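K.L.:
These protein sequences, in sequence, are chains B and R. Heads up: the first sequence begins at 1 in our numbering, then just goes up one per residue. Heads up: the second sequence begins at 576 in our numbering, then just goes up one per residue.
A couple of the hints might just be wrong.
[As the list claims (entries may be wrong)] Cβ pair distances, simulated, as ranges:
#1 R:Met591 <-> B:Thr161: 52 to 60 Å
#2 B:Lys63 <-> R:Leu592: 28 to 36 Å
#3 R:Thr759 <-> B:Asn42: 19 to 27 Å
#4 B:Asp95 <-> R:Leu740: 54 to 62 Å
#5 R:Met591 <-> B:Leu424: 35 to 43 Å
[What the hints assert, rightly or not] Capping the alpha-carbon separation at 30 Å, the derived lysine-lysine pairs in DSS-like fashion look like this:
#6 B:Lys63 <-> B:Lys313
#7 R:Lys737 <-> B:Lys46
#8 B:Lys410 <-> B:Lys525
#9 B:Lys306 <-> R:Lys585
#10 B:Lys306 <-> R:Lys614
#11 R:Lys685 <-> B:Lys313
#12 R:Lys685 <-> R:Lys614
#13 B:Lys203 <-> B:Lys28
#14 R:Lys614 <-> B:Lys203
Derived by calculation from the structure, the hints in this document are not laboratory data. Treat the numbers as computed from the prediction; the structure is a model and nothing was measured. Each residue gets a CB set at the ideal place from its N, CA and C atoms; glycine is no exception.
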Amino acid sequence: MNTEITGIIFIFLTTLVLSYPLGKYIAKIFSGDKTLLDPVFNPLEKIFFRLSGIDASKEMTWKQSLVALLVINAVWFLLSMFVLMCQGWLPLNPDGNPSMTADCAFNTTISFVSNTNLQHYSGESGTTYLSQLLLMLFQFISAGTGIAACAIVFNALRERTADKLGNFYNYFLKSCTRILLPLSIVVAVILIFRGSPMTFDGKDTTISMQGDTLNVSTGPAAAMIAIKQLGTNGGGYFGANSAVPFENPDYLTNIVENASIFLIPAALVFALGFYLRRKKLAWMIFGVMTVCSLILIAPTVYYEMKGNPAIEKMGISQPLGNMEGKEVRFGPAASALWEITTTNTSNGSVNSMHDSSMPISGMNAMLGMMINAIYGGVGVGFLNFFIFIIIAVFISGLMVGRTPEFLGKKIEAREVKIAMIIFLIHPLLIMTGTALASGLAAIDAPMGWWYAGNATGWLNNPGHHGFSEMLYEYTSSSANNGSGFEGLGDGNPFWNITCGIVMLLSRFLPIVGPVAIAGLLAQKKYIPESSGTLKTDTGTFGMMVFAIIAVLVGLSFFTALALGPLAEHFTLFAK
Amino acid sequence: MKTNILPAIKLTVFCMLFFMGIYPLLMLGIAQLAPNHGKGFMVEANGKKYYENIAQKFTDDKYFWSRPSAVGYNAAGSGGSNKGPSNPDYLKDVQGRIDTFMLSNPGINKSDIPSELVTASGSGEDPNLSVQGAMVQIPRIAKARNMEEKDLKLLVEKNIEKPLLGLFGTEKVNVLKLNIELNTLNK
């Protein structure tokens, strides 16, 4: 078999197999059981909690947890704004890079605090080493925030009636120190030994064989790349992200990095199964996610390996496939797998330029972000899936004429309302943003302070593809993904501010909503399962969830996709 | 609310210490054990050092050429063209590259040109070519260096980097290493 195909099958299967034991480990962390790393971290955390005046054993209600979560995120926001806007004169700036403008710092701050990692600057020239380290800090703690929120929901779903759901700070710190940190160390060490830089020296200047001067950016990259993949952050150290040889030197690192992208999100599903002792439920969720994933991966791999028909007409050969924006050491198959896994999981790192991939691939990448729950971001992926489950339980309940129940708790009007609102926020933000931007582009409006020039100037491609660029940017912002059709001229106040607002709303509301639903459910009376209970851990219910996802996402986004990638596809492939 | 602000600030300080301080320093320490102390892999030729994984610009007929770069092979500002597959300007660029390639490589068949030679890489620093991408340049190099084509073919074959474990990924050559060996073979 073609080694490109065996390569991606290996990546996909290995990751899923590894996610099972990791899920078991995460469940132990959530329940506070003994684990291997206790001797290292127990004393450290104890000292620290004492110094911060946090009693980690004191349980909190869901409201208290949410307040704690929002307050600490507000602290991070202020810290980040300060560092980014002053980085020019703060230490660790060997290349003499300037401070960020206010709108760029606003966008970057929200982007990293919200686990999005949309980057409207280029890592090599737009940030200093101090800023890169600070952004790396956010890659840990924003991921930790997501996992902590997920742990609170898991706790709420246990078979009991309770209003105290664990301690937010405890879940948060343990997610960072015991899940993200050890895995990051393993990945970073592999990267370092395969050629990723880990140094605090400044830019290097070499002379090429033909005598040209070649500037080479380096920096403490390996440490950041590891956590950006594992924490579904995706913000690259270098401008072209993991396509850059320093970020992703060879096929082995590509395997490790691509696996890191969806390892923890998949593991969290199994963690749910172990934590609630409901393995069948976990398998149902895992099954739906994996089927969705394969449906998006297969056509993407096919079209990328097939190549571009417009180039075929020129009479050259495309033995590898569509190579624009791709690297030879990965090839189109591994680029396609990465493109889909990174958009499914709200990671957003790229090893090829999505703007130059085939229209169907671009559409599938967007679909992954529109669903935003196929494994999904660390922690928040499950929260999004939880919303789909609530809606599916409600609709199935109506269909069979029973009171909808999930895990022994009645789903009532209030929970369904919250679930629907949270679901609708996503299309609302994406469509409003895209309508605004494409409306401005359609009349080629002069933008004044918002953008230097007229609105069409921010497009890098004409026609349907140009529309896709704008749609993709807002989809990526709203999914907290952070990848982009990078041709879009997004480093200006218009895109910085609108995307910043979208990211902010789409990060915190989808955390608040599911935690609230779970908190409300936890307070309700537990009703043991009976023969009349709608079973949610079966294949049938899995198909129901799948249908709900397909119908809701299809109804919300089909029109936009038809105008962008679908129209481009049919134009390109028309004989 | 107020009860949370102080703990939040203190917890953040601890996290800064841990994830901005201890973690990167630990990695920096480990990097000292790695080849070239974590500063990227280098190759040496004639007393000069080059970054092994960073593409260089080759325009001379006597060298293997790297893939086109949308950022002019600038490794301090990586990036791709970000052109969509149906963009007419982009397709004109590709057609232009094909025409240029045909002019500088007389005698080859157009259908022997693999697409990676006329499309820009994702990073603008792609150090590799497929085997076919190197082979198709042999007639030009042989003429420029007055060498036998079969010697060049052997050289390329010797430099093929197999897929990982022979099972996973693409087969490729490193353009820089190829050119360094080319220079030792024929000054």
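K.L.:
Please go over all the hints and tell whether each is borne out by the structure.
P.N.:
To see whether the hints hold, each was checked on the structure:
Distance hint for Met591 (chain R) and Thr161 (chain B): a CB-CB separation of about 39 Å, inconsistent with the stated range 52 to 60 Å. Between Lys63 (chain B) and Leu592 (chain R) the beta carbon distance is about 30 Å. The supplied range of 28 to 36 Å therefore holds. In this structure the hint that Thr759 (chain R) and Asn42 (chain B) lie 19 to 27 Å apart at CB is violated, the actual value being about 58 Å. Range check, Asp95 (chain B) to Leu740 (chain R): Cβ separation about 39 Å, and the 54 to 62 Å hint is violated.
For Met591 (chain R) paired with Leu424 (chain B), a C-beta distance near 37 Å keeps the hint of 35 to 43 Å intact. Of the pairs offered as hints, the one joining Lys63 (chain B) and Lys313 (chain B) is violated, with about 61 Å between alpha carbons and a cut-off of 30 Å exceeded. About 51 Å separates the Cα atoms of Lys737 (chain R) and Lys46 (chain B), which puts this hinted pair outside 30 Å; it is violated. A hinted pair counts as satisfied when its Cα atoms are at most 30 Å apart, and Lys410 (chain B) with Lys525 (chain B) qualifies at roughly 8 Å.
A hinted pair counts as satisfied when its Cα atoms are at most 30 Å apart, and Lys306 (chain B) with Lys585 (chain R) does not qualify at roughly 54 Å. The hinted pair formed by Lys306 (chain B) and Lys614 (chain R) fails the criterion: a straight-line CA distance of about 37 Å is larger than 30 Å. With a CA separation close to 12 Å, the supplied pair Lys685 (chain R) and Lys313 (chain B) stays within the 30 Å bound. Of the supplied pair hints, the one linking Lys685 (chain R) and Lys614 (chain R) is violated, its CA atoms being roughly 40 Å apart against a limit of 30 Å.
For the proposed pair Lys203 (chain B) and Lys28 (chain B), the alpha carbon gap of about 44 Å is over 30 Å, so the pair is violated. Restraint check for Lys614 (chain R) and Lys203 (chain B): satisfied, since their Cα atoms lie roughly 11 Å apart, inside the 30 Å limit.
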